[in-house]
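Keeping their order, the protein sequence lines are chains C and B.
For the first sequence, this note's numbering assigns the number 517 to the last residue and increments by one with no breaks.
For the second sequence, this note's numbering assigns the number 522 to the last residue and increments by one with no breaks.
None of these hints come from the bench; they were simulated from the model.
Among the hints, erroneous ones may be present.
[Said to hold, decoys possible] Below, in silico cross-link-like pairs of lysine-lysine (DSS-like), each with a Cα-Cα straight-line distance of 30 Å or less:
(1) B:Lys104 with C:Lys500
(2) B:Lys345 with C:Lys286
(3) B:Lys520 with B:Lys345
(4) C:Lys412 with B:Lys345
(5) B:Lys220 with C:Lys500
(6) C:Lys221 with B:Lys404
(7) C:Lys221 with C:Lys340
(8) C:Lys500 with B:Lys217
(9) B:Lys404 with C:Lys500
(10) B:Lys404 with C:Lys340
(11) C:Lys500 with C:Lys412
(12) B:Lys345 with C:Lys500
(13) C:Lys286 with C:Lys221
(14) C:Lys262 with C:Lys286
(15) B:Lys104 with C:Lys412
[To be verified] Not everything, but these chain B residues come out facing chain C in the computed CB check (under 10 Å):
(16) Asn144
(17) Gly145
(18) Val146
(19) Glu346
(20) Pro352
(21) Pro355
(22) Ala397
(23) Phe415
[Claimed, not checked] Label-pair distances were calculated between CB atoms; the ranges are:
(24) B:Ser103 with C:Ala316: 56 to 62 Å
(25) C:Met480 with B:Pro353: 42 to 48 Å
(26) B:Asp375 with C:Arg271: 49 to 55 Å
(27) C:Pro284 with B:Thr508: 26 to 32 Å
(28) B:Gln506 with C:Glu404: 27 to 33 Å
(29) B:Gln464 with C:Glu404: 46 to 52 Å
(30) C:Leu471 with B:Gln506: 33 to 39 Å
Because the structure is a prediction, the values reported are computed rather than measured.
Where is the CB? At the ideal position from N, CA and C, for every residue including glycine.
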Amino acid sequence: MMPVSRSNTRQNHFKLARQITEIVLERGFAEGDHLPEAMLSQACGVSRTPVRSAFKILEDKNIVRRREEGGYVLNQPPEKVAADSAAVPDDMEGSLAERILSDRAERRIADVHSVSALSRRYSSSRSSVLNALKILSSDGIVTQLPGRAWAFQPMLDTPNAVDESLAFRLVLEPQAILATGFQVDSQKIGIMRQQTEEFLQRPDGKLSSATFLHLDCAFHSFIAESSGNRFARGVLLAHQRLRLSTQKDVSIADFRLRQSLQEHLGILDSLERMQLQLAADQMVLHLRRSQIRKPQAISRGFRPPGLGVAP
Amino acid sequence: MSKPVIALFPEASFGSALNCVGIAQQLLREGAVPVFLCHPGFNGVFAEYGFREYQLPATAAPGPQTDETWQDFVTAHVAHFNQDPTAQLSTYVAPTWEAIVDTAMQAEEGLERLLKRIKPAGIVLDNVIMFPAIANAGMPWVRVVSCTETEIPDENVPPYLSGMAADDPARPEFEAAYLAATQAAHRRYNAFRRDCGLSALPQGQFLEASPRLNLLLAPSAIRHSRRTPLPAERFVFLEGCVRKEAQFDPPPLPVNEGPLIYVSFGSLGAIDTDLISRMLRTFAQYPARFFVNVGAFLESYSKVPDNVFLGSWFPQPSIVSQADLFVHHGGNNSFCEAMFFGVPSLIMPYCWDGHDNATRAEQTGTGAHMHRDDWSPQELAGRMTALLADDVMLTRLRQISVRMQATPGTQQAARSILKVL
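Bound conformation, chain C alone (with noise of 0.2 Å):
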């Protein structure tokens, strides 16, 4: 496994810090009110100690503040929190590797790039921008080419991206599950399956896609973990954190992204039981079904298939 380094451990933090404002923002907490660590913890996967660092960075925004009985509350009313979340952590290395992360997603940078390139457009200084470079590459965003440039690798950041990654899915991931050796931990599938239908208590219009693309991509990462197969493990989990970085699908109705979850708990059931080649199979059909996508160009006037145009 890759050590975890300083900066990628801050990175972590940063990241987050975002994840508990828009936590906060959803769930509709007010100015004043008090942010249980434990609920957090429990909503974003992880123990108290990294939501205490994270705390600590919405505290130096002025997002949130100690209270003097212990705990953080919320410092500020939530219009401010979502502008200012946004800038949270600002002139970090791992801030600029999400600006430009989220740069190439949406297609303001080209393909290949140099470092003083960047260094110019971000007014960062030259290291700067070469630790944020390898930040993204230890997930394979870029590589470097022999010589200065740095080239961005494929990312989920349009439709037809989105397509292949699904079709890339649907050969590898029934297959990690059935491999020999696939194993689950019965805690994550529960921590899994309470953060799915809290998600899935919310009303119709209060369903952020942000916080779906989290849920999605970690049950997906936790059944690559689990499986057997060591290169798929590992091919998957890469491919995750590809997807949880890049994609930026907002087309997806509420009642989609509610029978995908409830695909997922489908399929965890399953698991639990280890009655893999039904999860197997489930995981064939919860593919396909989001393969499904609205069709890219349509009018009046265009003439049914195998008529050709319109004279």
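Following the hints, put chain B in place on chain C, whose structure we already have.
For chain B alone, coordinates are given in the frame of chain C:
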């Protein structure tokens, strides 16, 4: 008593499809079982909202819609979208009606079989043409006019697809040109109707009014005062028809300041990537955040400005509700959604009823009309600034929004449908 099954059959365009989704969501809440009849290539759209779909079998040569065939369509028509409504009659409207007639003829056999199989209590047709299988099915059918109100003619209503005012002196010429342009398709369609046992329709008309119920997506704010009022027991006007959609949280942009402007020309409008690229260059210099729907063409763009976010699809009701200005092509659903949420429209029409809505937005003070292609960056920026600063329009739109939200069209539609079935 078992719940009534209601078959909704929208045209293969997102406007009518999503309009019907809004009605179906409400029918479900009212205790009915809405199902969808969908055109080949359109499956999955309604299932994603939780509705059962029945796909019309493709009876012509097989094969899904491909990038190549769509590209042919683009190549054939993109230049026509710069023409005025009269010039478009021969270049776009006439071939489009030919294609619509083909669609109806192709669907007939499969539709008849499907209706026999489903046996719905009623059919909701949101289209611009009658499918004889529906009229012959022996069950009540409801017509939905999700295009602009001009689809139902009247002397006080501007001619359909003209972009004119009702009293435009050039009206007779346009009406004559429309009939001439659609004559061949109309003759072919009437022959088809006769073969199916239906009577011929008057020149220029491809769909009759339902004897039971007709629903018009025409909020009171933009409705025309007709010379011959439509009988209220059969014609119900809807105050918007907005579906429940996923929540959209606008992501922070590298330059994240200023009003939020949403831009969408529909899946058809997204084909003109050169035009949208030119708009992006103007947006880059404008102090606002732009969210731009580029449909199937996301991969055609690079170097996206720091105050712009491109998407291939947005849950439109959610983002329009958060927008300060909506730049669109004048599709009736988009125009009505803008009013439903009290947002001014800058309408840059491509074709069809976009022209009618652009004129109507100007007439009713709910938005502005601008040529889709013939503008300088300064003109486009000036129009956006004027709309964002028009407090009188904003106040009017807020009142319209309150009225529309108080009487949601989806509820009006669903209850009216259930009453006549």
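Taking the hints in turn, this is what the structure says about them:
Note on Lys104 of chain B and Lys500 of chain C: the hinted pairing holds, with a Cα-Cα distance of about 29 Å set against a maximum of 30 Å. Taking the CA atoms of Lys345 of chain B and Lys286 of chain C, the gap is near 27 Å; set against the 30 Å cutoff, the hint holds. Restraint check for Lys520 of chain B and Lys345 of chain B: the C-alpha separation of about 23 Å stays at or below 30 Å, so the hint holds. Between the alpha carbons of Lys412 of chain C and Lys345 of chain B the distance comes to roughly 11 Å, so the proposed pair stays at or under 30 Å and holds.
Taking the CA atoms of Lys220 of chain B and Lys500 of chain C, the gap is near 27 Å; set against the 30 Å cutoff, the hint holds. Note on Lys221 of chain C and Lys404 of chain B: the hinted pairing holds, with a Cα-Cα distance of about 26 Å set against a maximum of 30 Å. Distance restraint check for Lys221 of chain C and Lys340 of chain C: the Cα-Cα separation of roughly 17 Å lies within the 30 Å cut-off, and the hinted pair is therefore satisfied. Proximity of Lys500 of chain C to Lys217 of chain B is assessed by CA-CA distance (about 28 Å); at most 30 Å being required, the pair is judged to hold.
For the given pair, Lys404 of chain B sits about 26 Å from Lys500 of chain C by alpha-carbon distance, which is consistent with the 30 Å threshold. At roughly 23 Å between alpha-carbon atoms, Lys404 of chain B and Lys340 of chain C fall within 30 Å of each other, so this suggested pair holds. For the hint linking Lys500 of chain C to Lys412 of chain C, the alpha-carbon distance of about 22 Å falls within 30 Å, and the restraint holds. This hinted pair checks out: Lys345 of chain B and Lys500 of chain C have alpha carbons roughly 17 Å apart, not beyond 30 Å.
As the CA atoms of Lys286 of chain C and Lys221 of chain C are separated by approximately 19 Å, the hinted pair is consistent with the 30 Å bound. Simply put, Lys262 of chain C and Lys286 of chain C have alpha-carbon atoms about 18 Å apart, close enough for the 30 Å limit, and the pair holds. At most 30 Å may separate the alpha-carbon atoms for a hinted pair to count; Lys104 of chain B and Lys412 of chain C meet this at roughly 29 Å. Among the interface hints, the one on Asn144 of chain B holds; its C-beta lies about 7 Å from the nearest C-beta in chain C, closer than the 10 Å criterion.
Hint status for Gly145 of chain B: holds, given a least beta-carbon distance of 4 Å to chain C, under 10 Å. Proximity of Val146 of chain B to chain C holds as hinted, the smallest CB-CB distance being about 6 Å (cut-off 10 Å). For Glu346 of chain B, the shortest C-beta to C-beta distance to chain C is roughly 7 Å, which falls under 10 Å, so the interface hint holds. The beta carbon of Pro352 of chain B comes within 7 Å of a beta carbon in chain C, closer than 10 Å, and the hint placing it at the interface holds.
With a least beta-carbon distance of about 7 Å to chain C, the hint placing Pro355 of chain B at the interface is held under the 10 Å criterion. Because the closest C-beta pair between Ala397 of chain B and chain C is about 3 Å apart, less than 10 Å, the hint holds. The beta carbon of Phe415 of chain B is positioned within 10 Å of a beta carbon in chain C (closest approach about 7 Å), and the interface hint is therefore held. In this structure, Ser103 of chain B and Ala316 of chain C meet the distance hint of 56 to 62 Å, their C-beta atoms being roughly 60 Å apart.
At about 44 Å, the CB distance of Met480 of chain C to Pro353 of chain B agrees with the hint of 42 to 48 Å. For Asp375 of chain B and Arg271 of chain C, the hinted distance range of 49 to 55 Å is satisfied, since their beta carbons lie about 52 Å from each other. Between Pro284 of chain C and Thr508 of chain B, the C-beta spacing of about 31 Å keeps the proposed range 26 to 32 Å intact. Taking 27 to 33 Å as the suggested C-beta distance range, the pair Gln506 of chain B and Glu404 of chain C conforms, at roughly 30 Å.
The hint said 46 to 52 Å for the Cβ distance between Gln464 of chain B and Glu404 of chain C, and at roughly 50 Å that hint holds. Distance hint for Leu471 of chain C and Gln506 of chain B: a CB-CB separation of about 35 Å, consistent with the stated range 33 to 39 Å.
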